[in-house]
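Can you build the whole structure from these sequences, using the hints too?
Which chain is which? The protein sequence lines are C and R, in order. Residues in the first sequence are numbered from 1 upward in steps of one, following the numbering used here. Residues in the second sequence are numbered from 1001 upward in steps of one, following the numbering used here.
These are calculated hints, taken from the structure and not from any lab test. Take every hint as true, because none was put in to throw you off.
Here are the in silico distance ranges between beta carbons for each label pair:
| no. | chain 1 | residue 1 | chain 2 | residue 2 | range |
| --- | --- | --- | --- | --- | --- |
| 1 | R | ASP1072 | C | ASP79 | 53 to 59 Å |
| 2 | C | ASN78 | R | ARG1125 | 52 to 58 Å |
| 3 | C | SER179 | R | VAL1250 | 44 to 50 Å |
| 4 | C | ASP44 | R | VAL1295 | 35 to 41 Å |
| 5 | R | ASP1072 | C | GLN140 | 45 to 51 Å |
| 6 | R | ILE1358 | C | SER164 | 18 to 24 Å |
| 7 | R | PRO1309 | C | SER179 | 33 to 39 Å |
| 8 | R | TRP1398 | C | ASP42 | 47 to 53 Å |
Heads up, simulated SDA-like pairs for lysine to any residue below, C-alpha to C-alpha not over 25 Å straight-line:
| no. | chain 1 | residue 1 | chain 2 | residue 2 |
| --- | --- | --- | --- | --- |
| 9 | R | LYS1074 | C | LEU220 |
| 10 | R | LYS1074 | C | PRO36 |
| 11 | R | LYS1360 | C | HIS250 |
| 12 | R | LYS1074 | C | GLY276 |
| 13 | R | LYS1074 | C | ARG217 |
| 14 | R | LYS1360 | C | ARG277 |
| 15 | R | LYS1360 | R | SER1252 |
| 16 | R | LYS1360 | C | THR223 |
In this text, all values refer to a predicted model and were calculated from it rather than measured experimentally. C-beta: ideal position from N, C-alpha, C; glycine also.
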Amino acid sequence: MAARFLSFVFCIVVGCGTEGGPGGGDRHLPNAGFGPYAWLEDGDTPKSLFPNQNRLEAPFALSSADTVDLFFSSCPMNDTCRIVRARSQDGLLFTEPQIVATHQDGLREPYVVRAGTGLILWTLSADRSKVFRFDSSGSQFEFSETILAAEPDTSFSALSVLSSGMDTEVFLRINSDDSKWIRRQVNASGPVNDILLCGSNCWSTTPPHDYELKSIRTALGRTLFRGLGTATNDADESTLGFIGSDDGKHWDPFQFNPVLTSDTSIESATFAQLPGRYFIYARTGRRIPKIIMAVSRRGQPSILPSP
Amino acid sequence: MRGIGFLCLLSLWCDAAANPLDSFGFGSRAIALGGAVTADTNSTEATYYNPAGLVHTTALKLDLGYIYVQPDLKLNGHGQDVDASRGIQAGLSLPSRIGQYRFGIALSVHLPDQHISRIRALPERQPRWVLWDNRPQRIVINSSVAIELVDDLSFGFGLTYLANTSGTLKMSGDVDFFDAEATDLLAEVDVNLAALRYVTVGIQYRPSAAWKFGLTYREDFKLELDIAVDVQGAVVIDGDPIVDAGRLQVRSISQTLYSPQQVVFGSCYSNETWRVSLDIGWIDWSKFPAPTAIVDLGLVLEPLDVEIPTPARPIKPNFTDIWVPRVGIQRSIYSGTDLNMDARMGYFFEPSPAPEQIGKTNYIDSDKHGFSFGVGADVIQTEGIIAGPLSVDLTFLWLVLASRSHRKQSPVDPVGDYIGSGHALGLSINIGSSF
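What follows is the structure, given as structure tokens:
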């Protein structure tokens, strides 16, 4: 009797059972933001985030827990280049850019870091011969000092500033007949060091022309450094890839580069995140430039915004 | 007994493993006592904890229960939606005698009601709660027998049957590089379900009415999914053969389930009011193989000079052996002529066998604390409804997985640092009837 009952229960449950199925912990897995990424498109082309603005250059993204600020250099036809800022709650829709910093030499390539409750803006002069520092004053920035000046017949590009402990270092590309990447302590007496951001194990066959380097904080609270590089070949096709470092001196490429490709040239790519979502912003288009973005939506972040 | 035969037959067909029982236990009473019942178990739960206890079965007993465990496991504070483990836990135990020797037999089943069996092989890089993936989603069917060797000393033996799956796909014919319709391949599929079994043995010694001791050994086992693909034929372009006898061989072996060998020693002291039991178990996790596919490739395309890279071998997980202490306490809270009631509580600590995940693999696990609370009632007078006593047991289970950090060595690790943590809540109910 009992055995018959067991057989009956067994058959009922087997009949209702399923093979395999979803679940088991494959959702919401960590995602360190390395990609892959996809362009946010309008039709077949990347969507312009600022369709009414065609003078925006060199975006730099600064994210917090619930906002993304984009800083640009904006170069009007009859005026010097200045720094403008736009803000977004979701990383997709931004406010109209507002001027936040000006200088008689003009300003290009903003790079912004948090310092206590305020911000520090680092920029190049419009002719790329100097590095300026600005300190925040309310929503505006005021000029503080000139940090670095280029040697004759050279210019700067790809400005980044990383802090490690008490040291703050400026990372730059020196454009000359023999272009190279350097890092230098903000302290003027500090040495200038060449740095290899893309060596023998470079992620791109074409040498990257641009890198944005940032410090990030992992889920365990430690600080690492990450760079987003852009390489463009002779056919004006660009690829983007990540590099990383734990000391700011030795950099390694991410295993699954490139994380993003484009059939048009990409300039000044910058990366940011909101909880659970990672973004890349960049400038493209030589004749009609526009600011575009790519999104990685896979999984949840393991990297938190740097304080 | 035809029903039992039917169950035994089905056990040969299903992927089965004792792992849901390793994770959560078997039987409401045993779970309430923290699983510390190796020295003192005598009904269908003995098929898992110590088959030697079956000699102390006093009557034909039917147990029918249900267990539901809902995990809430997180990475960096985000829930992973790890599946619940739930199903029927039932069994039948039968005492008898051969001459002066008592013996007992039993059959038990853990029957999940959402997955009959789940096989999932993930890349070693993908983070997963490695011991909560396939492990709790299995049918378990145990059959056990025990005999009293001498007074107060009994020996038990149990078997669990498993099905191991292997298959081969053979294809032969012509492959056209540029014209799919011109490709003509004949396919032949050969799948083999080979029976696999593992053993549980145990002894129990009862030197007095108050003291009991037990020792159980569970054999290790590994379930693999073995798939081979063999493609043979000519390679042609526009009808012209460029390779007359090409061959592609692919073989993938995935370890889909592994249960380590275990040795558990238990002791129990009891009087009319109290029952206190202690178990200590050794679990041989150091032999845990990588739970990901081993792939072998072979390609012959002579006279073409073509080579394919050898797939990387899975990284050894480097799990370590662990010791698991368990304690269970039971107190009689009511004793009457027609009703006995007991309150129970238990605790166990299971250290994680998995190392910190600092490299390419992401086998996540944490130290586990198990707390259980339960009550049991024996209705002695059941006048006319059923012949013997009716027992009802209810248990709440709370598993706490300690927060654990995993710091990656490489600053370009694609997953990055993370913190694993979580808990699981469970409920088990059992109704037993003696005939």
